[in-house]
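Residue numbers for the sequence shown follow our numbering, so the first one is 254 and each next one is one higher.
Derived by calculation from the structure, the hints in this document are not laboratory data.
One or more hints might be untrue.
Claimed, not checked - DEER-style ranges, computed between Cβ atoms:
#1 D403 to D318: 30 to 40 Å
#2 G399 to S431: 37 to 47 Å
#3 D417 to A308: 43 to 53 Å
Where is the CB? At the ideal position from N, CA and C, for every residue including glycine.
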Amino acid sequence: MTGTNVWGADGGDAAGRPVPGGTAHPGVTADPHHTTEVPRPGGAGRRDTVAGVVAQWQTVRPDLDTGPMEIIGRVNRCAALLQQAEDAPLRRAGLSRSEFDLLGALRRTGHELTPSELARETFSSGAAVTKRLKQLTERALVERRGDDRDRRVAHLRLTDAGRDLVDAVLPEQLAYESAVLSGLDSTRQDELAGLLGELLGQLEGRPGALRG
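Working from the sequences, and respecting the hints, build out all of it.
Shown next, in the form of structure tokens:
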């Protein structure tokens with residue numbers, strides 16, 4: 254999350270389209286404004302939109318195993334809601350999530366990076382990085398210098414203002430994310446982090462299989 258958008262900085266959105274990192278199942282919308290919710294079975298009165306969709310599919314297609322939908326659908330739904338909500342501190346700083354990811358990459362690596370290295374660090378396309386760098390350079394948050402041996406190569410680094418901005422925003426961003434997760438105690442957060450890490454490791458280890 255912080256400093257790196259694990260879903261990919263350039264793919265999908267929170268407007269009902271499939272979010273990065275997974276294909277939305279039929280009827281499982283990623284729209285954070287979607288409000289058709291039903292009680293989640295066994296959820297002590299908690300409401301869960303995905304549970305309602307799964308129940309409907311189980312009714313019309315009882316022959317299908319909807320177990321994967323309960324996981325992927327919820328991951329996509331959570332991603333859409335988080336993508337919308339977690340950017341509030343960034344908006345107050347006048348930054349988009351993708352711009353903060355780029356600034357964060359320069360801050361956490363601690364050294365200059367080329368545009369192609371920044372693209373890899375932020376899971377972005379080269380064109381997207383070029384556009385963001387132009388905006389951040391104009392705001393004097395990032396500066397570039399030419400390579401001593403190849404003037405076609407640029408090296409990017411944070412200005413003092415850029416570093417100060419990241420250092421000021423990051424604690425607020427982490428506090429905001431902690432508040433989002435406050436409904437889970439530390440043990441359950443650790444369990445969730447472990448499961449998501451295991452799933453992500455599997456998916457990143459076989460990218461070709463995800464294309465079908």
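Taking the hints in turn, this is what the structure says about them:
1. Range check, D403 to D318: Cβ separation about 55 Å, and the 30 to 40 Å hint is violated.
2. For the pair G399 and S431, the beta carbons lie near 41 Å from each other, so the given range of 37 to 47 Å is met.
3. Taking 43 to 53 Å as the suggested C-beta distance range, the pair D417 and A308 conforms, at roughly 51 Å.
Violated hint: 1 only; the structure is consistent with all others.
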